[in-house]
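Input sequences plus hints: build the corresponding full structure.
One line per chain: the protein sequences are A and B, in this order.
10 is the number of the first residue of the first sequence in our numbering; add one for each residue after it.
847 is the number of the first residue of the second sequence in our numbering; add one for each residue after it.
The hints are simulated quantities; they were obtained by calculation from the structure and are not laboratory data.
Incorrect hints may appear among the rest.
[Claimed, not checked] The calculated DMTMM-like cross-link candidates involving lysine to aspartate or glutamate, where the alpha carbons are at most 25 Å apart (straight line), are: (1) Lys896/B to Glu141/A; (2) Lys896/B to Asp1125/B; (3) Lys896/B to Asp909/B; (4) Lys896/B to Asp1056/B; (5) Lys896/B to Asp187/A.
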Amino acid sequence: MVIEALRAALEANTVGVRGPMTPAEARAALGALDDAESGPIAVSPGDPLVAELGVVEHLAGRGADLLLPDAPDWRDRLPQAAIGVTAAHLAVADTGSLAHICGPGAPRAVSLLPPVHVCLVALETVVPTFAEAVARFAAEPLPSAITWIGGPSRTGDLEMVTTLGVHGPSRVEVLLVDTNA
Amino acid sequence: MSHGIVTPGATFAERSRAALADPELQGALTNLHRRLDTARAVAETSPELKDRASSIRREVLADLDGWLDRLAASLERVGAVVHRASTPEEARSVVVALARERGVSTVVKSKSMATEEIDLADALERADIETIETDLGEYIVQVADERPSHMITPAIHKTLDTIAEVLTTRADGPLPTDREALAAWTHDHLRPAFLRAEMGISGVNFAAADTGTITIVTNEGNGRLCTSWPRTHVAVMPVEKVIPRLVDLATLLPLLTRSATGQAMSNYLSMITGPRRDDEMDGPDELHVVFLDNNRRALVGTAYEDMLACIRCGACLNVCPVYRRVSGHAYGAVYSGPMGKVLTPLLSQGAEGRELPHASSLCGACTEACPVEIPLADLLVRLRADLREPGVLRPAPIATGGSSSPESTGHRLPGEGFATRAAAAPLVPQGAHRKVGLSFAHLSFAHLSFAHLAFATWSRVWASPGGYRATSALGRLTKGRWARRLPGLTGWTRTRDLPLPAARSFRERWAERTNDPETRSW
Chain A
10 MVIEALRAAL
20 EANTVGVRGP
30 MTPAEARAAL
40 GALDDAESGP
50 IAVSPGDPLV
60 AELGVVEHLA
70 GRGADLLLPD
80 APDWRDRLPQ
90 AAIGVTAAHL
100 AVADTGSLAH
110 ICGPGAPRAV
120 SLLPPVHVCL
130 VALETVVPTF
140 AEAVARFAAE
150 PLPSAITWIG
160 GPSRTGDLEM
170 VTTLGVHGPS
180 RVEVLLVDTN
190 A
Chain B
847 MSHGIVTPGA
857 TFAERSRAAL
867 ADPELQGALT
877 NLHRRLDTAR
887 AVAETSPELK
897 DRASSIRREV
907 LADLDGWLDR
917 LAASLERVGA
927 VVHRASTPEE
937 ARSVVVALAR
947 ERGVSTVVKS
957 KSMATEEIDL
967 ADALERADIE
977 TIETDLGEYI
987 VQVADERPSH
997 MITPAIHKTL
1007 DTIAEVLTTR
1017 ADGPLPTDRE
1027 ALAAWTHDHL
1037 RPAFLRAEMG
1047 ISGVNFAAAD
1057 TGTITIVTNE
1067 GNGRLCTSWP
1077 RTHVAVMPVE
1087 KVIPRLVDLA
1097 TLLPLLTRSA
1107 TGQAMSNYLS
1117 MITGPRRDDE
1127 MDGPDELHVV
1137 FLDNNRRALV
1147 GTAYEDMLAC
1157 IRCGACLNVC
1167 PVYRRVSGHA
1177 YGAVYSGPMG
1187 KVLTPLLSQG
1197 AEGRELPHAS
1207 SLCGACTEAC
1217 PVEIPLADLL
1227 VRLRADLREP
1237 GVLRPAPIAT
1247 GGSSSPESTG
1257 HRLPGEGFAT
1267 RAAAAPLVPQ
1277 GAHRKVGLSF
1287 AHLSFAHLSF
1297 AHLAFATWSR
1307 VWASPGGYRA
1317 TSALGRLTKG
1327 RWARRLPGLT
1337 GWTRTRDLPL
1347 PAARSFRERW
1357 AERTNDPETR
1367 SW
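Next up, the structure:
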């Protein structure tokens, strides 16, 4: 129920939603990305699900052009990245929001500067309401930033018609992952 | 202010006439119908949510200075630097000094009404610091050397053709009249500015006193870029943006975004708690928060306190029959529409916008649309009365203390309360009518204009059935000609239609019908 509500809310915000899928399928889906895109794949390795799925090792094993936050030229190369890969800490069904906790190994701009953002969502992190998500964050020590993402960057400034892709990614893909499968 | 205002004219009436005669503006304003769904979203919002939001906002106003102190302590605890500015001048010099001390040559800004209020971009430009507005609408307005005409959609007054022409002045060749192409061009054109800017400036939508978290909502992502990439982030926060608790965002944010754009949630939401921490690759090294007073704190405890509950959603603009015809520039002020008509004279203590409270039909649509239940129409009526006296506007504190209900905010003015649901719901008992009729007795007659005297007399005469019958009979006998010729009313009727009295009154027809055996039954 709550998964379908999340899917509907995200799709209404022009987010592509795939899954639920197994961890192996998620790794395969990420591996297929570097066939289609040119430019580095920026990853947020500090996100728990990214670590749990072994995303960095899998992509490195395929010889992908990876960009990780510990790279000395990270700030210079991130603007050239083709894709940003992150995982949501919580996904909110009623508002269709993907909440990302920023911190060491989990920069703010991986989901912002590249034109495509791929976000992994573990089924057990989906919560029904925005209020519940805020209450969960408020109960723990706060990071320097929590970024909530609803979909591709958009503007209403051109005659109040929603137009995608102004400053942030013009494409957002969500992979729903059943980590118990 | 140095920005050009596209609608010429010295008074609201002159600027409105120019706006009504401007075919480009009138064409662009038809797009406002797309925002009417926001009014529907507010109307469909559960009363409980609105009540909860209203009570959070009033909880802040009951102890504004206390919440600000708690917020300042929390911000400092998480490593932010707090600056307190009493005036726009002070706020400008704080920010310009921060930029100069750091050798900043480029600033990127996300949209913020507070920075418009203090004209910050111009101050930075005068200090030879390149300052780029990055919200697309705000950028269009900056390139055109104008001001925003709507707080959510700054370039609402421009059609796509004009926008393409304006942006072409910054492009290598003519830009197409195509939305996707213009958005893509903006992406490519402004991205280098984000990457080279040493300072990002934003507003604040809400700041939680318990955690020191500032929240910024955007749809384009420019707010995220301004607060993520440059080494210094400066947030300009009008003092009333403080909220007690982080969890209050669960109530206020959905209400803000529904009321502003009809979205369940804004596309991007940043909850920022201090600057970058050790080992973080991005986020600013420094976070500065500038508390802007500009006469706001003086409103606490006065009859105008409710105005500080405003969350800047723009819902009152979208439904206002005046705003929808003349747009924002006709107001000649940073804040336009119903909330601007109230806020402009209050923030300037009567130095600006004295005529604005009169630019309203008092239809009450703004009061209905307001998600935090600000009695805008009542405040307009009160301002009309208070601004009769020339000079500085300094609202007096009221004895009953801070409260959201118009009934308890000191004495009541004739006509006040008619537009609010709370006042309209119960039938007013006879004694209250008498009170309204006599209420001009405690006003100083030295300041009574002819119009006020006429309305007060009218109010008194119509408070009695005999007075009502006598004057309405007179109106019917003369077919209203007397009213149109009265000195003072000729100006009033130039922009209004005085309805002609019916040949036979409802009372006469009622009396006839109830004497007729066929209709007596009903």
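The hints, checked one at a time:
1. Taking the CA atoms of lysine 896/B and glutamate 141/A, the gap is about 19 Å. The hint holds against a cut of 25 Å.
2. A distance of roughly 41 Å separates the Cα atoms of lysine 896/B and aspartate 1125/B; the hinted pair therefore is violated under the 25 Å criterion.
3. For the proposed pair lysine 896/B and aspartate 909/B, the alpha carbon gap of about 21 Å is at most 25 Å, so the pair holds.
4. Restraint check for lysine 896/B and aspartate 1056/B: satisfied, since their Cα atoms lie roughly 22 Å apart, inside the 25 Å limit.
5. Restraint check for lysine 896/B and aspartate 187/A: the C-alpha separation of about 38 Å exceeds 25 Å, so the hint is violated.
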